[in-house]
Amino acid sequence: MNPAIIPIATAVDFTQQHRGKPKGRQANPHCVSEVLAIVGQETLRRDLLIEYLHQLQDHLGCLPKPHLAALAECLRLSQTEVFEVATFYHHFDVVDSEHPANHDLTVRVCNGPSCCMAGAEELIEKLPALLGSTVRVQAVPCIGRCEQAPAVAVGQHEIGWANHHEIMEAAFGQHTKALPPRHTGVAQYKAAGGYQLLHECVTGKRTVESLINTLSNSGLRGLGGAGFPAGKKWAIVREQNAPRLMAVNIDEGEPGTFKDRSYLEHNPHQFLEGMLIAAWAVQASTIYIYLRDEYHACRAMLQNELALLKANPPISNMPAIELRRGAGAYICGEESAMLESIEGKRGLPRLRPPYVAQVGLFNKPTLVHNFETLYWVPAILEKGASWFSEQGRHGRSGLRSYSVSGRVNKPGVHLAPAGITLNELISEYCDGMQPGHTLYGYLPGGASGGILPAVLADVPLDFDTLQPHGCFIGSAAVVVFSQADSAVNMARNLMRFFVHESCGQCTPCRTGTAKALALINQPQWNVPLLQELSAVMRDASICGLGQAAPNPIDCVIRYFPQELEFEPRGSKS
Amino acid sequence: MNASQMIRLQLNGQTVEALPGETLLQVAQREGIDVPHLCYKAGLEAAGNCRACVVEVEGERTLAASCCRQAVAGMVVHTDSTKAIAAQKMVLELLLADMPNHANPKALKTDNELTHWCQQMDIEGSRFDARAAVPADLSHPAIAVNMDHCIQCTRCVRACRDVQVNDVIGLAFRGEHAAIVFDQGDALAQSTCVACGECVQACPTGALSPAKAAAHQPADKTVDSVCPYCGVGCQLAYHVKGNTILRVEGRKGPANEGRLCVKGRYGFDYVHHEQRLTQPLVRREGVTKNPVDLLDPEQVNSAFRPATWDEALALIAGRFKQIKSTHGGHALAGFGSAKCSNEEAYLFQKLVRTGFGTNNVDHCTRLCHASSVAALLEGIGSGAVSNPVMDVNQAEVIFVIGANPTVNHPVGATWIKNAVKNGAKLIVADPRRSDLARHATHFLQFKADSDVALLNALLHVIIEEKLIDREFIEQRTEGFDDLKANVSACTPEAMSSICGISPAELRAVARLYATSSASIILWGMGISQHTHGTDNARCLISLALITGQIGRPGTGLHPLRGQNNVQGASDAGLIPMMYPDYQQVCNPEAQQRFEALWNTPLSNTPGLTVVETMQAILAGTVKGMYILGENPAMSDPDLNHARKALAALDFLVVQDIFLTETASLADVVLPASAFPEKTGTFTNTDRLVQLGQQAIHPPGQARQDLWIIQSIAQGLGLDWQYNSLEEVFDEMRRAMHSIEGITWQRLQGEHALVYPCAHEGDIGQAVVFTEHFPTPNGKARLVPARYRKAAETPDSEFPFVLITGRQLEHWHTGSMTRRASVLDAIEPEPTALLHPEDLKALNIEAGNTIRLQSRRGEIQLFARADTGTPPGHVFVPFCYAEAAINKLTHAALDPDGKIPEFKYCAIAVHKK
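These protein sequences, in sequence, are chains A and V.
Numbering-wise, my numbering comes out as the position in the first sequence, counting from 1, plus 10.
Numbering-wise, my numbering comes out as the position in the second sequence, counting from 1, plus 157.
Simulated from the structure, these hints should not be mistaken for lab results.
Fair warning: this is a prediction, and the values are worked out from it, not measured in the lab.
A portion of the hints provided could be inaccurate.
As the list claims (entries may be wrong) - Under the rule of at most 25 Å between Cα atoms (straight-line distance), these lysine-lysine pairs were calculated in the DSS-like manner: (1) V:K578 / A:K374; (2) A:K355 / V:K604; (3) V:K604 / A:K31; (4) A:K31 / V:K641; (5) V:K1068 / A:K33; (6) V:K623 / V:K641; (7) V:K582 / A:K374.
Stated by the list, open to error - From the derived model, a few chain A residues whose C-beta atoms are all more than 12 Å from chain V: (8) E176; (9) S399; (10) P478.
Ideal placement from N, C-alpha and C gives every residue a C-beta, glycine not left out.
Isolated chain V, as found in the complex (with noise of 0.2 Å):
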């Protein structure tokens, strides 16, 4: 604290200080003074309702909220005065007589704020008759309404509205009948409540309670880590009991400010699902795999036989080596997973690239951002975003791009909606109209596939109108004569027959984001998901570029990472062509410095990436593989065929929790550990290194990750001997120059550091590119495109464009979240979206189930009424394996990011 700014004011008699602003509450818990409040909660505006927290301020005729009031010098304030105390306790009182006293008072919350502020306050009943019984409303899977326990403290209208921004929960009626509702007073599983719970992280009472039993049972320990699910990495505690999760809370993490999503609050017993592999499975002699129809979890039984692990792992070791030596090293391949921790990653790379003796390594990034990356590493030399998320509440205009943050990224999109409450200028530019547009001064429904005609048109007018930032393209750019030439033809009044936005918006939205004191972008797979992808994120990267909206707080470059490690996986060279930290494998520079390090030479042909590997199978050049927690049998397009190549594959081992479809096409099976049953550090969106710790067991003999990826290296004759965790990760520190800074030790302390972080005691660089880029000559370079169709249009028979993507509650390919029982309640079934229009001409009733067919398969699934899907298109969620969309997708690739056009193809629609 700065003295010079302290305010001196007299609390109970004595002096004390506050800084300027302070309210009286906050001056009065640091000085350690008990002053009963309700509707205050730290993180929330305050209300001043309640009237618990009431003061005496002299010289004023009533009593002033100590929450609200700001100190003042020269305040004497009585917290404790014989008026200030008799408030206090009436508030209380009243507030009591309306609580269900047949109830515990702690049934629904242990921690019941008004109970304790009563038993602090010596208050034991109330002398007021209640109010009319209010009925609880138990509708929704999440969430249990109590409503005879609710205060109307409005901390859950805060927590919905303003942190949230969800604008489920109001406070409606008057006097009172005020009453905290969902939308019009619905019941909440009838609302557009989705879940995040932050509501009943927010309610004081209980009046708002987890629904399920199991969460109101004291824990024995809670442990604190990070949310297993999407990129934006929130920090949560795990409640334990035992080795059962009972609940989990949001922390106070720089990503999420202790802010969750329904996947992270309630999407954690899937890891106590009776489906868990518990002992590692070997395929029965004779049974054969089947690509068409795929092995159910339940009849595991009949494909596998139970194994030991010394026999599981004797038969990986003499197989793997049996291909080598006969096949060579490149006829084997190893998937891992952007779920796993960064130091399992980086063990698995090393043992396909040591082990193996090949590149072929590869991982879900190939289906997510491997455009974005491969854009950005020809553009500015680091595939990692310029700014954190977070930055947006620095931006004067935040543009999202192709991408649907309040479903994919929940929490991130929070920090969004906050910044436009705020004032910033929000443009969403996509084909389907999502949450956020409702937010946004622009929402720009473009045609699907047009991405390069919108932005080109952008780019067009922002040179044509002369609102580039001259000095930062001469000083810090190359190839802005081409970038120019390139875009002259694409005037807005050309491209608009092309992307659907009429020439006055695409210059109104040109000039408001080159203009800006800070713009920032933040995409999706929108953008990546094409067969122009690459193209698409060039020319994210030369808006930014050629406006100088870069280097600076509140402006960048920001793909949204999908998984949970996905950033950290790629660093961690999770990659074909590149070892840790982005070296090319064919720089002879860099393979030497690897072959130092691991002490084996290396091959410096880049491998395989996730879809060539399929093709390679079938054409006979990869003969085993070593899948770790990846789903390629769901998340592959065109799964007929991935799925008959991984049937095809000699030797197959998948390390999973569950069977998943990739592992009932397996040889050998191996029972791994889920999220919160390991330690390890994940990386997420903002290139933050964040620590998850364990809190419960693997269940019977699954073994935690980085044992199984060491005992098979060991088994192909690898010396490896990592007594730790943080043995691998400070061999990955140097291995990274990025992560130098970054110990084991810094890591336990803190549970989150941002690199690059050069050296120790470093803070980490969360803005990068102020100065130049990571290219050679320091200067960024801009790549022109031009618009190309997609690889397959509609036609007269396949007649509408299918989109896949995820749902807010369900996660990539389901394997997890389709076993949170809370999560597979709330969507159980596979829908698509069509809008009513479409729905009513193909005489089709929203709810009915429909046939969806494109050249490479079909499934059935129900029709959904969806009038933020553009006419003509279709959504589909890719989680569900009984109507897997992939079966319909095309595996089309961008020439440079190799990333499948998943969010384009023909499909028809029939009503079944």
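Chain A with its partners taken away, still in its complex shape (with noise of 0.2 Å):
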């Protein structure tokens, strides 16, 4: 070196690090050539950044920091870029080194509230010893086979009523890929008629008012858990400027929700024509479906049914339609985050205004549904508005999928009148509570419908009819729970839950219930700052999520109060 270097002390000794390469981690050819390999070599594009990880992930079994640093490059963004997407959903494992992580099999024991009740916990604790170092056990939220639970998913093939012996069985035999339901495939779906309806529309047998009407008179409304009446919806998209895009929520994740796994198992068909049937009628250019990404059977069932129906489309000029693979995240069944999940990027609801119909994917006017409302629609349009609006109990008007789990006999889902009471649901349709337990209380609608005791089990089970008790319908996710069970367990349960899954954008989301449940695993409750809290989440929070949050917590204290009067039964969960 040349002897006169200028003597300046330096503040820190950042030279070594820095003399051999410019600032920050650079991007490794062989890996840049790695990632390559596995995602393909035509133009990438941003939105399907998520994909990409995902093939990643599929690929290498984790996310090795420097293959996401070569993916940022390949995609002309920053590291940073592709890193908060990735740690964003609980599926995807960053990992700091080039090695891969040290297990190859990931076991996902569901920790909703059914499986708990059904041992879920028991085998979350026995399975490591069990399956050894190679398999990692994770506590998962509700994975919607609350059916069957307690639900495990090894690798991707899904496992309803699990024990272990069947767990180490699949993990050790590799059984890890789903295997694809028993369903209604194209032809057959086609040979019953299927698709004539579609046909009408396009063929102008049917005009986009007419169906409107039809969908207005049937009473059918967003069956995600909103209620918005369908058929207002397609008129207010169709009148917003073109191009409009189109997007389906199938990323069921409320704990206790399974009825669209349920009907996309069955008969994907049905909804994929009645998805048509409203592209159709907004004029969309491409629908984005998205499935949540525990759905690996239906995912690969619909994955072949869709090429099957882009070899032969049912009508020329069908819209594109596109596939996306939620990646752990139950925030993304908020409509606005599915979308950015949808472009590609971390979960985060938007604020409304402006409402999606008017700015959505991409900033373009979005019509936005849940599975099962689209799952109707040809239904509805064949049978006329009036076989579903005369549907209906207690003064209430439609049809619901309720999917009820827990302490019964017949958990699953029930197709009932709007209306029907929990009483009815139970006697009726799900022969009655278990052996030796009496009903206690039930969750209306999933983790956020809130929590309703035995005594407030005949009011009638529909959208406006819970508001009065501090509870809402959502999806239609009944979880019924019995003596065997404590309340304020359940909140713990659900509130955890809640922290879990905050996307963690507004602070009394994201700070609000980790303090709660850190509240709340207390012996003793604070009821009085409880419930100035929960008042605060409700008002102030972004999205549905951190509003809801507090329900349990609510419920608790104003149906159950004889439980907070000394130490529950039961331990903290």
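Combine the two chains into a complex, taking the hints into account.
Listed below in structure tokens is the structure:
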């Protein structure tokens, strides 16, 4: 080195690490080629980031940071733009080194309320020792098989009524791939007259106006939980400037909910036809189907059916259909968070206004529907508005698909008249309570819908009927619990879920859920502070997650005060 | 406000008015109603995530974030209802719970906004338990990271991503684990952070704060000024305690809107460096000048002795007068500096012209944009930019060629990146892949030295495909037929083999540029620093002229100026062939005008340029020099030769703030004032004249430069009696039509005025050439250029191409930034950038020492692997005295601009 180095003292020894390379982690050329080999060489799309992350994770078993740096370079993104997305979704495992994680299989055990009632916690405790160090056991939020509790996924192989023998057999026998469900395929569906309605629409036998009228008269409302009238939604989106897009929400993540999976597993084309009719009605150029990652079997089946449909389209000019895979984020069931996720970003709900019908996916007007809403469209159009609207009980109208789980004899999706009461649902559809169990309380609408006590089992279950009781029906996920269970523990389970699933965007939810869980995990609840906190979470959170998160706490305080008077039954969760 | 547009709404029981699009928070603030807010910061996109600003809108179930919710007619809003106040307070209490209670909340930020709002809302403590502790990250020399103070408001994310578009900071993970991260959750020092500090300026709680403890002290005063570094001309404020600068913050100026880069924000403590010159120095009797082993600044006493100002000035006057009387005025020369103010530059050239009696006055513009200016003066009659950088916001296509603005004009680059985010198409053409390439629609990594081939191909396509603006060509240009004939053979196919860009890409870029509604060209030294630099610029001018992409907002030609006052120094006449305002010295009319103004006969012989001066010294024709703030012993090409020349002078006076390499060869060294120690005007790359104001006093006996220049002038017998800056500026206004309308009073009030500015009250013309060009017939001249190679090309002995330039943290020859503690801590050592494949082939490990050699010299420095550098090329910054790369560069000159070929010469790379 030349002698005259200017003698300037440096504040930090910053030197060594920076001498040989530019600032920061550089994309390693061999990782770049590996990434391109995995995701394909075609021009990469920013909005497909999550798909690419899945491909990498599927191939590598994890997401090593060097590969994320390489993916960022290929996408011409910065590293943090990739990293922040990868770390948002629970199904991605970002690891520091190039060396993959020290497990080669993940067993996900559902710790939703119904699975916990069915012994999930015991499995979670027992499995690590039984499966050994190469298998990672994760307790995960509801995987949507509550009627088969406890539910487990060994790799992508979903197992209902799981016991440790079966899990070990699958894990050690490498049965880790999804098994496609038995379903009505496109040929069978067409043979039975499927896609005729769609054909009638595009050939002018039916007008958009008549469709909207029929839907409006049927009283069909958004069945994801918000209950917005479907016909009205179509009318609003149609009025927006083209191009318009459509997104279908099958991110069925509300604990206790499994109706969408159940219908999709059996009759995918009834949904697809409804979807194409809706897309035609609003003239959407592209349809994005967002399917939760946990539904591996459905995804395999749907990929196949969509390929068949595209190969032999039922109509000319069928809109482009893209199937997108969630990555373990309940919040992406919130429609605007789902749109963010489809765009390849973190699933953070957007502030409204503007509404997604006006400014939605890629800032285009977007028709967003839950799976089930579309599923009923062909049936209603075929059978007429009154077929649907004339159903109902206790002054309510329509049909509801109640996902019933918990302490009943016959859990499952029960298509029943809207407004049915819990007592009627249990006795008429579920063959009563399980032996030895007496109704103690229930969740009328999954984790968010609140908790009702047995004395309120005669309230009609529908949109708008539960608000006076501090609850709501949401996706009609009914979880029934008994004297063997405790409402306080139920609230802890649900709040743990919300803490896990809060996107972290706004203070009342990010910090509020965490502080609330800490408070209710205490043997003695600070009820006034909890009430103060829950009021603010309700009033000031950006989206429904944070607004509904305090429901379980408020319901325990309102309906189960006896449990708060002394140390509740059971241990802390 | 236009009354007809106003919206009426109810706010806390009062009827108030709002403009369409205004948010409830803005309305409340205007009405004097305090609503707590943390994630909202003016200038950043509203995020609405902290929820401290929620208000009640009647008829709505939930509260609305007032920072995001727009006012709507008839809305009934309560910022102070029980529900709203409960939520505002609870949000603050939840956030307060997680703040480390042991620490003084204001330790990291004196105006901690969370503390402020908690006090306002009477929140003294939190009833909630704190989150798990978060460790600090103190890895970075500039920025301390204390995430235990973080409230996840994402102001830093927006500052880093939306404002500066450095894209380093992210919000990663989810829920209660949501965390601000750098890159992939890396320690800040390990990340790609460029330390612009925009995040620090944005952070409400001090989670991101200056790393230096001094910065946290309360200031006695703040002084509004301008950044001393590049030509962007960012306005800033010095926070001063006693005679010490504590910290610098961005100020809302027309060119920067509050933004700064690492140099502007953290590169200020050079002024307090122990090596500052504090008294005049005179070379000791018998100590010879050694151009081979330069004097170590620490050993200053071995060659120099302190002197009084009277002694030094008398010595200077005597020696200069002696040389002049013996050899004539042309035996004297002066180099001014583009770092000095307009007033200093003006007086300096006036001293040389009237005191020395020669036009031998030049400065570092010769090394930067002399060729661009030559081409612009020849083609369109003006050397200045046609449109400001900010016009990229109005452009559909932005063409950046031979420039690395994220490094050299960092804040200017942010406007380009912002424009791209807003939909503009960016074309980046450069042999090196810069950070900007990631944002480009088309990145043309063409072969170094092939600029003319590349640009002629674009001209060919535009003419061939009739994408020209015929009307513009006919009405406002001349010489089109010659141009057309010249490029007729330059098909993309023919040029592709020379420039290395595919014909299809060349066509796509030509079409994009020509057919957009507004295309702007920005270029840097990659264009100008070639022996064909003037030709390169001619081609760019032709591109704009034949497509009519000039004379409108969002179009035009913008040579990005390197130094804070290179535009102003040139305007003020610090160039050998022109008086102020580009009046040719050989034009008798101009000569008479200045003879009258200055009341002295003037020489009509154009003077010597920088490199020519060095040659003249060795030839014995120049014998004495006065160098103000310039460091040719580092910045000139072929340094061994240049240093030999400086050492050969009979008498050299250097006026500077440090004992620079040039000063070490002087006979007399005068201690000058640093930028924050004086007041003056500086003209940025946009032709914006801005006021820099004195914040601290010069150390010891160091004096302000204007005083020194005037004292030397008086010593030479000139009757100068400038009692104030204002008097100098007024004389400049009389000398220069372009700034006639800019008065000292206006500058003091407005701090920034653009020229041409014809009269008082004129707001100035940001965009020029709208109607005609400042040429004799008002038309622009299209000048054809033919591709030719660099003066020295690689061969088997010297197989690599050397490209020199700057790096982000260091300024020019490093005399200031190498002594700025934060900047030198970030980049403390000389490095050469090579492609990893080249390193592999040479069996050199990244980080090891290598030896670079050219026909003219050699240096040793560290090898840095950089995939952005094309194979076969080596890039070296010229700021390192211990590895002065200009020992290797070639002094071959562009025939028109007289600029040396810093961007191309042949070298060999050896493993040490």
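We went through each hint and held it up to the structure:
no. : hint            : in the structure
1   : V:K578 / A:K374 : holds, 17 Å
2   : A:K355 / V:K604 : violated, 37 Å
3   : V:K604 / A:K31  : holds, 23 Å
4   : A:K31 / V:K641  : violated, 46 Å
5   : V:K1068 / A:K33 : holds, 23 Å
6   : V:K623 / V:K641 : holds, 11 Å
7   : V:K582 / A:K374 : holds, 21 Å
8   : E176            : holds, 31 Å
9   : S399            : holds, 27 Å
10  : P478            : holds, 15 Å
In this structure, the hints that do not hold are numbers 2 and 4, in rising order.
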